[in-house]
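S.K.: Sequence:
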Amino acid sequence: MRKKGVKTRQQYQFQVTGLTLLLIMLMAGAVTGQVLAETGTDETLSTGPDVAIIDATVKMDISEMGEIPLGTIPDERLIITITVKNTGSREAPGYKLKAFLVRADREDEIGTQIGGDITDTRLGAGEVRTYTKSMAMPTHLKKGEYRVMIVLDTSNYFIKPDTGSGRMISQEPIFPGTLTGPAGSVPVYSPAKISKPGYYILKRDITNYKKLNIFEINASGVTFDGGGNTIRGAPTGYNSGIYINAGTAVTDIVIKNVVFEGMDTGIWMYKASNGVISDCTFRNTANMGLRLDQSNQNQIYNNIIESDAIGIGVFQSVGNIIYNNLLKNKHNAVVNEDQKNFWNTELKSGANIIGGNTIGGNAWFDESGEGGFSASAQAFSREGISDTPYSLNAHNIDLYPLSLSQLKSPVVTPVPAETPELNSSEPETEQITDESLEGQEEEQEGEQVEPVAQESPAIPIEKDTSEPIPVLNTDGKTDREAEVIEPVPSITEPEARPEPEPGPPVFLSPYADIGVKDVTGPESGCPGAEFTLSAVIENSGGYDADAFQVRYYLTDDKIIDGKDTFLGERTVKNLLSGTEQTITETFVIPKSIGQKSYYLAMVANTDNSVFEENKENNTGYSIFRMKIQNC
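Residue numbers for the sequence shown follow numbering that gives the first Met the number 0, beginning at 0 and rising by one.
Don't read these hints as lab results, they were simulated from the structure. Glycine included, C-beta positions come from ideal geometry on N, C-alpha and C. Careful, some of the hints might be misleading.
[As the list claims (entries may be wrong)] Label-pair distances were calculated between CB atoms; the ranges are:
#1 S367 x R121: 56 to 62 Å
#2 G197 x E382: 41 to 47 Å
#3 T235 x N573: 39 to 45 Å
#4 G236 x K195: 28 to 34 Å
[As the list claims (entries may be wrong)] Cut-off 30 Å, straight-line C-alpha distance, at most; resulting in silico cross-link-like pairs (DSSO-like, lysine-lysine):
#5 K142 x K97
#6 K516 x K339
#7 K84 x K58
#8 K516 x K614
#9 K562 x K614
#10 K626 x K557
#11 K58 x K142
#12 K516 x K562
#13 K572 x K614
#14 K516 x K590
#15 K141 x K192
#16 K195 x K210
#17 K516 x K572
#18 K339 x K572
#19 K192 x K209
#20 K557 x K572
Work the whole structure out from these sequences, hints included.
M.R.: Below, the structure written as structure tokens:
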């Protein structure tokens, strides 16, 4: 028993000694670990995983969508691309990426999350990975400017990451609602036939090789805004980017800000009048960039027409105003000899299509853009305006062609700008002397103008000998009988004008000049009653005014503005050069009009259908006031 007890005490002493040594070793290890932790913290973090966002981009894109019917507005979607990198030296165990829309003026706040989380489990040390995801735009957002914020969630880390790389805001602004276009407009995403008036805006590039006419317009009052997008096609012999044709005449078609590439014809206008083609680019068309058939009094300006077989073709069309266009083609223009068109506007200050400071005619170059008339024409009298007119034929003369001579800056092919408003105020017109008008009149009539060398070989004018161009029926098939373009209707010959009495020579402007005079009416009238107004209008210019609108007003201050009483609008036709017409109309005095005295007023050419050099005489007033009284 004693021996056994002694053994027990020895064991106890051994156990106590062992525990003491173990405790000392643990304490020493803890101290050593703390020292190492304090001295080696930076090294440990630098060698751990650290995922950083290094790039984030976003764009609104519907290019992957197929056919979208006209008038249908697709859901707005964002294509977000995010690039991350593990800048540490160890594998990252997992992370999430979240996308938020934040307002441009609140970029320090977390906004509305879009789409689901982007999750990944592993990213090796030094590895770079890019994610691209399509996300739907929230529909409840207010109008305004937004950006996309990308936030990195690294809650799975066992080491805190570098927070400076865990959040990034894209540079590209986002504007919700842009796919729908301006208020009241119709967004266009696919080839279509436009049969109703309205404002149509193209929202994406169109590439279509199968349709005969990628877009067809057969209604008046249509504005087609390309928004800078491109319509591309491949030539098949007859196709066009935009074909204007209703079978009967259409008016007031505006096409602007479109790029046309390939196909046979960029824009083909058939029986379209009083329209505008501006700020478009026509490039690499197999037939013509722009073609006019039986289309009158259109305005064509600020366009780039280059590398086309023929730049502009004008057939059986009169009164079109074609100016400030850059032409660089094998054959820049083809036009019927017996049809009169204007190839310049009045001289006015402003940046022209080749960088000069005066707007007048067109820039005529060869296909390379380095030769041709405008490259060599001299401009001593006016900077950037040739001293010599450019003659297509006796009835189609550019009086003020643009010239590189004397330009202070090199020519740069411009990018089409925003289309100017049709009724915008014009810059102050440069004064033209009687002597210059005399010279212009002689040149316009082709009596004393020396032929000007063309920059390319002459082309025979088309005389309806070519194979007719097919026109689609409503079923989309070609009707050979419908292919033939209808001839211009015969026009009744005007009455013979009286021979002018002998006297000093009078030099007419080469343009129409409509003036209003002798406005007369009754001395008094009653609210709700009819009255008759008469006015004499004249055309003192050298060009006939085929058709234009006039408006009638009651005004108490001889200043036409929104305060005046509008009576009505009429159309005047065939006001020939050097003649006058007396117009009599009957109107009803509004019942709500104030009982006081008003001047009778008439304003001519309110729709700008007739190009005029001078518009100061377009408004006329009665000499006496008409007194409105109770009857």
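S.K.: Evaluate each hint against the coordinates.
M.R.: Hint-by-hint comparison with the structure:
| no. | hint | result |
| --- | --- | --- |
| 1 | S367 x R121: 56 to 62 Å | holds, 58 Å |
| 2 | G197 x E382: 41 to 47 Å | holds, 42 Å |
| 3 | T235 x N573: 39 to 45 Å | holds, 41 Å |
| 4 | G236 x K195: 28 to 34 Å | holds, 30 Å |
| 5 | K142 x K97 | holds, 23 Å |
| 6 | K516 x K339 | holds, 28 Å |
| 7 | K84 x K58 | holds, 22 Å |
| 8 | K516 x K614 | holds, 14 Å |
| 9 | K562 x K614 | holds, 22 Å |
| 10 | K626 x K557 | holds, 15 Å |
| 11 | K58 x K142 | holds, 17 Å |
| 12 | K516 x K562 | holds, 23 Å |
| 13 | K572 x K614 | holds, 18 Å |
| 14 | K516 x K590 | holds, 28 Å |
| 15 | K141 x K192 | violated, 33 Å |
| 16 | K195 x K210 | holds, 21 Å |
| 17 | K516 x K572 | holds, 17 Å |
| 18 | K339 x K572 | holds, 18 Å |
| 19 | K192 x K209 | holds, 15 Å |
| 20 | K557 x K572 | holds, 26 Å |
In this structure, only the earlier hint numbered 15 is contradicted, and the remaining ones agree with it.
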